[in-house]
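Top line first, the protein sequences correspond to chains A and B.
Quick note on our numbering: the first sequence kicks off at 1 and runs consecutively.
Quick note on our numbering: the second sequence kicks off at 1 and runs consecutively.
In short, the hints are calculated from the structure, not lab data.
Just so you know, nobody snuck in bad clues.
Reference listing, derived: stretches of chain A covered by chain B, where coverage requires no fewer than 3 residues with Cβ under 8 Å from a Cβ of chain B:
| hint | segment |
| --- | --- |
| 1 | 179-188 |
| 2 | 347-360 |
Quick partial rundown of chain B residues pointing at chain A, CB under 8 Å, derived from the structure:
| hint | residue |
| --- | --- |
| 3 | Phe203 |
| 4 | Ile209 |
| 5 | Phe224 |
| 6 | Leu225 |
| 7 | Gly344 |
| 8 | Tyr397 |
DSS-like cross-link-like pairs, simulated, lysine-lysine; straight-line CA separation at most 27 Å:
| hint | chain 1 | residue 1 | chain 2 | residue 2 |
| --- | --- | --- | --- | --- |
| 9 | B | Lys298 | A | Lys268 |
| 10 | B | Lys298 | B | Lys423 |
| 11 | B | Lys423 | A | Lys268 |
| 12 | B | Lys423 | B | Lys309 |
All residues carry an ideal CB built from backbone N, CA and C; glycine is no exception.
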Amino acid sequence: MTDTRLPEKEPTPPQRSPMMDRVTGVGTSVARSLVLPTLAMLTALIIGAIIIAFSDIEILRLLFDDPGAAAGQMVSEVSRAYRALFRGSLGSVNSLSESLFAATPLLLAGLSVALGFRAGLFNIGAQGQMLMGGLAATYVGVYVSLPGIIHIPLTLLAGFAGGMIWGGLAGLLKARTGAHEVITTIMGNFIAVFFMQWVLTTGIQDPGRNNPVSAELVTSARLPRLFGVDYRVTIGLLLAIAFVFAVHWLLYQSSIGFEFRAVGSNPKAGSYAGMNVAIVVTLAMALAGGLAGMAGANQVMGLEPYKATPALAGAVGFDAITVALLGRSNPVGVLWAALLFGALAAGGREMQGAAQVPIDLVVVLQALIVIFVAAPGMIRAIYRVKGREEKPTQMTTGWGS
Amino acid sequence: MDRVETTTPEVVLRTSVEERRATIIGVVLMALAAVVLGVFAFGVPSDASSTFNLSLPTDSIQNVSLTFNSRIFSAVAGVLIFALGANRLRRRNLERTNTALGIGLMLFVLALLAWAAADSSFSLVGMLRSTVISSIVITLGALTGLTCERAGVINIGIEGQLLTGAFVAVVLSSAFGTWAGVAGAMLAGALLGALLAWLAIRFSVDQIIAGVVINILAVGLTSFLASRVLSEAQDLNAPARVSSIRIPLLADIPVIGPMFFDHTFFVYVTFILVVALHIGFFRTRWGLRARSVGEHPKAADTLGIDVLKVRYRNVIGAGLIAGFGGAFLALAQISRFEENMTGGIGFIGLAAMIFGRWLPFGALAAGLVFGFSGALAQKVGILGTGIPSEFMLMLPYVATVIVVAGLVGRARAPAADGQPYIKQ
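Full structure from sequences and hints, please.
Structural data, given as structure tokens:
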């Protein structure tokens, strides 16, 4: 699924602005922004193949008796797994739909993390914001009854508001007291899970259940499917793509977006230029939270059984971090990264079903891809790609200073 | 420790901040007193009595218990908390604010327990014992974090190190015995530490990002191997349970004995480690060097300290601690591997590090406090008080937010924490 014809000789123009780093990605050329992720992906797949090959007990036992046969089985095992991965992600119309379906929440949550990065904030709390957004959306989706054309936007808005409050709280704490957002958002994730468990067992619980599950959303609050009932992808995808443009506009065309980026790259300079850093930080976290909240709303409005549980976010909130990093916090980059990881997720399910290779391999691949993208020096050393060693810059601030 | 001793406006500023804090905490204490008096004291019949059992069935001295009238106990506690709060509002003795808060919270919890156990009894010592047990992983996680951060490297990957340690411990312990499991777990933790250090130092990857990615990698890899290997070979997921070592005489002391002196070796090693790290960081040359690298790497470099080497050593060494914690979790607490079995305890460890202000004894104290709130959540759930146990489980996280927000005094991280060092 990757383009393995490596444009290795692509000349890389000198970087103009070392201030923004390679991970946030400003000032990098298109060519280079493609070479490294492709190589990172390829390397991750190679390592993944090694992991698959050497984790089958039967083959390992065979390895001592008949190394040749064992090697043959390893190759067939890996190729079976990767063919299933490809088939499940791009192989058929249904696979494509599944990939897009999985990409939808990743895209919204990835935009959330990316927006935070642009304002110099590391939002590890997309997970908790998704829960709060999902919860708020559930309330509107269960108790309100309206025609769909009003009900759906209203429910999404509730999701946005729920996430916005949770993210904004972390921003406010940072602005008012200097509490580091990494700590407050991590803690916020856990608080949100327990809060959710409490609400779903006392407040909006599905009648007749004793585990934390909400009642079902009414039909008018459910996101319609985009290509008919057979394919699970919903109009949530279009919404998420619209937000790619919205976030792009916000960051690069609006004056508040300029303030986000200015404060993100140097809060002191922003402050001297007359920007209100406290407001910028709070607002950026609130908007980031809102985007994640919409991702949470998508998880109750867009898939069966249209109910909220404390597990509604799955691992999307954390995968969103990898999406934002791979997309270099650029809204369009985040779109491609979300599509890629969505495809991996959908393919992973097929791989698990058809080739008995656990879907968790996909998580390993994601982590490896991000490691290689974040440490391009490693990829350069492996493939001897020429290029200037970038000046390392910090994306987030430690809690020391 | 680092008080400003000059008569600049900073002192005035500091005093006004302290005064505001004293007011806030005074009000909080008053509110707690109101709950204690209104709910705990007068929410029970006047003749109800509570019994706290102070001995376990296994103790050599049996049937030690405290029985008292629930209402009178809570009333006394409430009045005391009220007095503490009133004293804060008078804004005298500004330094003692945290002590007052600590005593107030302790009285509050005792009153809560007396209320929950009204007309019944519960095993106070059993709860304290499980507090100690559940504090161990948290403390080890916090020690991992502070060993890294004192040298200027932020480690968010503790969770992943614990998880990987637990996995390796289970597999190796099932195959080759406990000691192999513990050693392998420590090595695995150190290996992930080395990866973190390598990414952070050699490639200057943002340390928080590196840590987050290590967590994701650890979850993916251990879950993958668990469902691919352990489900096939069940015998690799059956480690022998590590048994307790009763320390003669000391274990017979009522309350203290079962709390501290009847545990697996992991617990004793953790206590020794706390002391050793305290001495190491604050009494030895190694500690001074490590701390100077964490506070002001340039100055340290000027004095001939190899900054990067110190950082590598501390981060990898800290990985050994985290791996040990993972082994404890897998071999002494749960005795098998389950996917994502750490469930966020590494992050509680991180919180305990901050709560304990980057001090080894602080880490232990914070570990005990967080462990206590977990044990309390369990007990309160069992006693059926109507307080949702979810709110008790939230406590460590809420407490951490309060601490980083500076409401209970500003916790100060090492100055160069999280900043890569590039030799000029």
